[in-house]
Amino acid sequence: MLAVQNVSKRYGDVVALDGATFEVERARILGFLGPNGAGKTTAMRCIFGLTEPDSGSIEWDARPVRSRDRVRFGYMPEERGLYPKMRVREQLTYFARLSGANGCDAESAADLWLGRFGLAGRSRAKVEELSHGNQQRLQLAVTLVHDPVLLVLDEPFAGLDPLGIDALSLVLREVADRGVAVVFSSHQLDLVEDLCQDVAVIDRGKIVLAGDLGELRSRARSRRLDIMVDGTPWAPTETRAVSAAADGGRCVVDRDVDLTRLLAEAQNAGRVDRFSFGLPSLSDLFREAVTR
Amino acid sequence: MSPLRQTWEITRREFLQRAKSRGFQVMLLVTAGLILALGPVLSAISTDAEPIRAGLTAAVPDGSDEAIQQQSAAVDVSIETVAYPTLDAATEGLRSGAVDAVYTGSTIVWLDQESAVLQSVIAGAAVSVRFGEVAQQLGISETELAAAFKMAELEPRVLSPPDPEAEPRRIGALIAVTLLYMSILIFGQFVALGVMEEKQNRVVEVVLSRVEPAQLLIGKVVGIGALGLVQVVALGGSAWFALSLADVADISVSRLGGEIFFSVILWFLLGYTMYAVIYAALGATVSRQEDLQSTLILPVIVMVPGFLLGQFAQEQPDSIVVVVASLVPLWSPMVMPTRVALGSVPLWQLILAVVLVVVFSYLVIRAAARVYRGALLRLGAKVRLRDAWHMTT
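For the record, the sequence lines run as chains A and B.
Note that the first sequence covers residues 235 to 526 in this note's numbering.
Note that the second sequence covers residues 50 to 442 in this note's numbering.
Treat each hint with caution, since some may be false.
[Claimed, not checked] Calculated lysine to any residue pairs in the SDA-like style (CA-CA distance at most 25 angstroms, straight line):
#1 B/Lys69 to A/Lys440
#2 B/Lys69 to B/Leu379
#3 A/Lys319 to B/Ala68
#4 B/Lys69 to A/Tyr245
#5 A/Lys319 to B/Ile235
#6 A/Lys440 to B/Leu426
#7 B/Lys431 to A/Tyr245
#8 A/Lys319 to A/Ser289
#9 B/Lys431 to A/Gly355
#10 B/Lys69 to A/Gly337
#11 A/Lys319 to B/Ala430
No lab work stands behind these hints: they were computed from the structure.
Turn these sequences into a full structure, and let the hints steer you where they fit.
Structure (structure tokens):
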């Protein structure tokens, strides 16, 4: 398990991380969310020693993370990067060797992942000759080629088409099922909701929400209310927020709201076509957590 | 996974990627070929392949031809003789360029310019022929006559004889300083370019998630340095071989070449390491090709005086300026091997220069590694050296 504990980092007057604390467990996927500039990338860089925290600790299996642990981690930075003049298989083999695989193992691991991502036919091509999509696939293969125990991906879904998103989701699920701890950042909350068991929301360097997604939703103070009166969305006065949905409006209300009274009020307003009350979505939780 | 093995993987990649490049291979082969071609050219110049030809008329005393051959052999000059029946025919040959001079027994006829060598050979031959005639008239052998004249022979004594090695040493020094300057510059720039490209391609963050900046720095400098060593050995070796073939003087050029060759290798390793880490630090401050050009001028400005002093050392190897310059670490790699090639370095100065370079390089590596680490993950705009120095990652 990766434990980021009370990590702070400041660049001059800018506070990038302010006592950030969250955990990534084995065999689970954590969605790391936050507005732009909230500190997601800095936190990920701290895990890999690319950025030195001012204070706090980062531990793997209850021991401070050291260089030899990091070799077993996989990191895909937001700014993707490969050696453009190197051939595809050569590049993959190189990164496998850099992470400790010996010659033969590195080559078979490279072939495995090339096949997995449909790049086997391009193994002798130079990276710069690949299409953008194939470069993305190779980047992911580079992250996975050494069988990491922890996978950290910064915006892995950015720039992928729907098929690419499906393929990557499948890979992440499989990797997590094999026992790997996975954490990725994303702004696509629906995707995170589908894929992740855990989430951590960071805002202005602080973790404002973290834990099991199901528990967070049921523990939330808010609920989702969806009322249609005479074919149009209807919102009660207690509404804290409204999120537009394809089939009408959805409001966020307090979980202790008096439903009987609300139903009566709606019926007074007209014919009630729909009345649903449920747990908040991840995007509701997110908005609530980062509201300023 | 040991850090050493990771560093080795980086070294291996840096070396192989560049060694496999067609551009590098072509450049190396062409340059080595040009240097090897230098051998026969030098050889042709130094041995002066064109023999001197002398026309002899029928009037020359008997034995003149043999005497001319003996005399020319004694002074190591090749002279061909051509016999003409009359002076007119010989003069015609002189005019047409078939011979360089005509000897009639009493005169030497030139076309426009006298040749001191030919003049002395023919004069010597004439004396020799006359010597034979006199001996015959006196009824004694030539040897007895020669013994009678023995007293008159003067034994030469030269106070400061010209060094037969001077010329090959100068050629060696010129090749050494040029090769070192070019190699340190080219492979240093390879390092800066490699560092910049890793930032430009953003691959540096992927690499640094697996290895420490120091490992990446060492791997890169060693890998590219190994490639530089291949070039220096290939080109230096070619020059050594070419000079051996040329046989420009009656000395063992092979031994002298070996001396210069190994000094070049030593100073390449020392000089390259010192400059390569400077180049790496400078390369780390930029993420774009266009920013790199202006940054790379700095080491060139430092190196050029060293190169010029290395040239100057060929004229004045013992001048105080040259001696001091050869002990200044940033210039030693170009000036000291020149002095070594010219054969004028006391051992203590050589050792002192090596020690100074090693100590200075240690300080440079410490500082450059700090700048490199500080600047490496700052992508985009050029990073000022001062900021990189104070940058905490």
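Checklist entry - Among the hints numbered above, which are violated by the structure, and what are their numbers in rising order? => result 1, 2, 4, 8, 9
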